Amino acid sequence: MKLWNKDKTFILKKIISSDLILRDLATNLFKDIKKVKNDAVVLNFKDVESISRSFAQEYLMQKKNV
Amino acid sequence: MNLLNCYKQFSNIREHSDKSNKIDLTNFEFLSPTTLLPLILYVEQNSAKEIILPKNENLKSYFTTVTSRFYCYSENQSFLPVTKLPKDQKEANIILSKIFKRLEPINDLGGVNTFRYLTSEIVDNIYQHSKFNSAYVMFQKYKKYIELTFYDDGIGIPGAFKNAKVSFEDSANALELALSGVSTKDNQERGYGLSRNLKLVKDALRGEMLLVSLEGAVYLDQNRLYKYNLPLNYRLKGTLLSYRYNFPVSVEGFYEIVE
Chain A
1 MKLWNKDKTF
11 ILKKIISSDL
21 ILRDLATNLF
31 KDIKKVKNDA
41 VVLNFKDVES
51 ISRSFAQEYL
61 MQKKNV
Chain B
1001 MNLLNCYKQF
1011 SNIREHSDKS
1021 NKIDLTNFEF
1031 LSPTTLLPLI
1041 LYVEQNSAKE
1051 IILPKNENLK
1061 SYFTTVTSRF
1071 YCYSENQSFL
1081 PVTKLPKDQK
1091 EANIILSKIF
1101 KRLEPINDLG
1111 GVNTFRYLTS
1121 EIVDNIYQHS
1131 KFNSAYVMFQ
1141 KYKKYIELTF
1151 YDDGIGIPGA
1161 FKNAKVSFED
1171 SANALELALS
1181 GVSTKDNQER
1191 GYGLSRNLKL
1201 VKDALRGEML
1211 LVSLEGAVYL
1221 DQNRLYKYNL
1231 PLNYRLKGTL
1241 LSYRYNFPVS
1251 VEGFYEIVE
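Listed in order, the protein sequences are those of chains A and B. Numbering (this note's numbering) for the first sequence: 1 to 66. Numbering (this note's numbering) for the second sequence: 1001 to 1259.
To be clear, the hints were calculated from the coordinates, so they are not data collected in a lab. These numbers were taken from a predicted model, which means no experiment stands behind them. C-beta: ideal position from N, C-alpha, C; glycine also. Just to be clear, a hint being listed does not mean it is correct.
As the list claims (entries may be wrong) - Computed cross-link-like contacts, DSSO-like style, restricted to lysine-lysine with a CA-CA straight-line distance of at most 30 Å:
| id | chain 1 | residue 1 | chain 2 | residue 2 |
| --- | --- | --- | --- | --- |
| 1 | B | LYS1084 | A | LYS31 |
| 2 | A | LYS64 | B | LYS1185 |
| 3 | A | LYS13 | B | LYS1101 |
| 4 | A | LYS64 | B | LYS1087 |
| 5 | A | LYS37 | B | LYS1090 |
| 6 | A | LYS35 | B | LYS1087 |
| 7 | B | LYS1090 | A | LYS14 |
| 8 | B | LYS1090 | B | LYS1185 |
| 9 | B | LYS1098 | A | LYS8 |
| 10 | B | LYS1131 | A | LYS31 |
| 11 | A | LYS13 | B | LYS1131 |
| 12 | B | LYS1098 | A | LYS14 |
| 13 | B | LYS1185 | A | LYS34 |
| 14 | A | LYS34 | B | LYS1087 |
| 15 | B | LYS1090 | A | LYS31 |
| 16 | A | LYS46 | B | LYS1101 |
| 17 | B | LYS1060 | B | LYS1022 |
| 18 | B | LYS1084 | A | LYS14 |
| 19 | B | LYS1185 | A | LYS31 |
| 20 | B | LYS1098 | A | LYS63 |
| 21 | A | LYS35 | B | LYS1185 |
| 22 | B | LYS1090 | A | LYS35 |
| 23 | A | LYS8 | A | LYS37 |
| 24 | A | LYS63 | B | LYS1165 |
| 25 | A | LYS64 | A | LYS14 |
| 26 | B | LYS1098 | A | LYS46 |
| 27 | A | LYS13 | B | LYS1087 |
| 28 | B | LYS1199 | B | LYS1101 |
| 29 | A | LYS34 | B | LYS1090 |
| 30 | B | LYS1084 | A | LYS13 |
| 31 | B | LYS1090 | A | LYS64 |
| 32 | B | LYS1087 | A | LYS14 |
| 33 | B | LYS1049 | B | LYS1008 |
| 34 | A | LYS34 | B | LYS1131 |
| 35 | A | LYS13 | B | LYS1185 |
| 36 | B | LYS1098 | A | LYS31 |
As the list claims (entries may be wrong) - These stretches of chain A come out as covered by chain B in the derived footprint (C-beta under 8 Å, 3 or more residues):
| id | region |
| --- | --- |
| 37 | 9-20 |
| 38 | 41-54 |
Excised from the complex, chain B in its bound form (with noise of 0.2 Å):
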């Protein structure tokens, strides 16, 4: 299942929960953090309704561990359960440098350089525009690709570009602006976070990116880069981005992509 897909599991099960008022996963058999991150939140803000744990056991097992909310890591250091970012930066900071100390060493997932831009910036990117309440970054390790998502219920990529004036035709296209480098800060120097990152994912790594935000989306695949306008049901309230690339893989000229 590709990153689309897993959003719009998200977005199905949130669609009929509203309906049913019960967050039933019984039938599933996996999930993935870019399904797994909303739901969090969906969770956490309709604490009232009923979830249908998976019937599936070892989905069961995993869904408990990693919404289990500790900071902690498997012992295989497979994945990065569900972890909260503090509203406080500082704290943030040294948490993110946890989590790069006791995942590391990643050469075969891109090199140390590759994992700490994709993190570093996107986690920036949310302190700097997002203005959440709530924010969460997931990782998960699988026999053959790694798959990175973070998620943060704020204004979103339009309306950040709305609040600082940025023009743009449709929440996809600001999107696209975004990717293609434009920010909303007044600083030629800004504007590399999301840019550059696209530029890793889709050249170096040759993987899949998936950015959702509001009413916008934008999918990448190993081929081109696809942008759509959502329908109500799978709108979201803030941004999700999610990575997901094969393994083992070595990045060439880091500093060249970046530039």
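Only chain A is shown next, with the shape it has when bound in the complex (with noise of 0.2 Å):
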């Protein structure tokens, strides 16, 4: 399955949930992000409700390795 568009957006909510918990899912996402063959991905937050300190934290280390 395709997890992101044609304007290479992710849109969480529908990939993970509205709600983001688990750190292993953050480890994820970067992975499906590095599979875009473009420099440059849009990560939708919209109607996401929370965030776990687990998944934030994970989110931030991968984020600074992109």
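Got two chains here, each in a separate frame; can you build the complex from them with the hints?
Laid out in structure tokens, this is it:
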């Protein structure tokens, strides 16, 4: 399943849920981002209601390494 | 009955059953999540054993309902029945999200942030460290307090420390280290799950906490933290974590506490 649309946008609510909770899902998100053959992607947080500490920490760490 | 005694209740049922080949709940009047979750797995792993249901009709009905394995909720939302965590984390994330939405608004239980923190970080720890075959969560709201219980049958905290070559004196010490923020992951941002949950329960919610893992246990009541190296009949495969706190309660300065 393709996780991003033609604008290279990842809609997080759709591909994870409205609550971003588990750490490994942040890791997996960045694995998928790296598959996009483009140097810019859009992460769309619309309708995301909460982010756990673990997810947020992993997200920030992965973002630094992109 | 405090959390420690609820766990002892499970251990006694198991010990009796190991000798008699029956899981006898006849004379029980009350079973809390701390007794029930490890009991569910014990029942699952000993399916040949006969289960004698409680004589008490209310408890019998409760036991049947909460162990029915359906992902469902009571009408009055007073509890989350035994909910098995799937191996697939994406699926687990969706289940947790549904739990949050179904059980909230929960302002009288310390607020949304507190409730989510207590739940999310522990479930994430299960996926990060335990290597479980089976893992469960269950919440029960009583008249004056709520009990949140998490149980996995994985390698346990001492097991995870051993694999990561984190040194510890004994199992109880390994649990103490985990509660103080020592992590098996080589990253200074790790180790906040258990340690901040302990802080929330102790300082903000003024509740109880019980952590049992392999041969060790740590129990927190309103006064102090007790640690135990367990005799054979009280040892547990995996990790059991329970919180219990009175409500209504509000948490001031959530972000300072979990900082």
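Cross-check of the supplied hints:
no., hint, verdict
1, LYS1084/B with LYS31/A, "holds, 27 Å"
2, LYS64/A with LYS1185/B, "holds, 18 Å"
3, LYS13/A with LYS1101/B, "holds, 15 Å"
4, LYS64/A with LYS1087/B, "holds, 28 Å"
5, LYS37/A with LYS1090/B, "holds, 24 Å"
6, LYS35/A with LYS1087/B, "holds, 24 Å"
7, LYS1090/B with LYS14/A, "holds, 11 Å"
8, LYS1090/B with LYS1185/B, "holds, 22 Å"
9, LYS1098/B with LYS8/A, "holds, 28 Å"
10, LYS1131/B with LYS31/A, "holds, 22 Å"
11, LYS13/A with LYS1131/B, "holds, 27 Å"
12, LYS1098/B with LYS14/A, "holds, 14 Å"
13, LYS1185/B with LYS34/A, "holds, 24 Å"
14, LYS34/A with LYS1087/B, "holds, 25 Å"
15, LYS1090/B with LYS31/A, "holds, 15 Å"
16, LYS46/A with LYS1101/B, "holds, 17 Å"
17, LYS1060/B with LYS1022/B, "holds, 16 Å"
18, LYS1084/B with LYS14/A, "holds, 23 Å"
19, LYS1185/B with LYS31/A, "holds, 20 Å"
20, LYS1098/B with LYS63/A, "holds, 28 Å"
21, LYS35/A with LYS1185/B, "holds, 26 Å"
22, LYS1090/B with LYS35/A, "holds, 19 Å"
23, LYS8/A with LYS37/A, "holds, 9 Å"
24, LYS63/A with LYS1165/B, "holds, 29 Å"
25, LYS64/A with LYS14/A, "holds, 24 Å"
26, LYS1098/B with LYS46/A, "holds, 18 Å"
27, LYS13/A with LYS1087/B, "holds, 21 Å"
28, LYS1199/B with LYS1101/B, "holds, 25 Å"
29, LYS34/A with LYS1090/B, "holds, 19 Å"
30, LYS1084/B with LYS13/A, "holds, 23 Å"
31, LYS1090/B with LYS64/A, "holds, 23 Å"
32, LYS1087/B with LYS14/A, "holds, 20 Å"
33, LYS1049/B with LYS1008/B, "holds, 21 Å"
34, LYS34/A with LYS1131/B, "holds, 27 Å"
35, LYS13/A with LYS1185/B, "holds, 28 Å"
36, LYS1098/B with LYS31/A, "holds, 26 Å"
37, 9-20, "holds (count 5)"
38, 41-54, "holds (count 4)"
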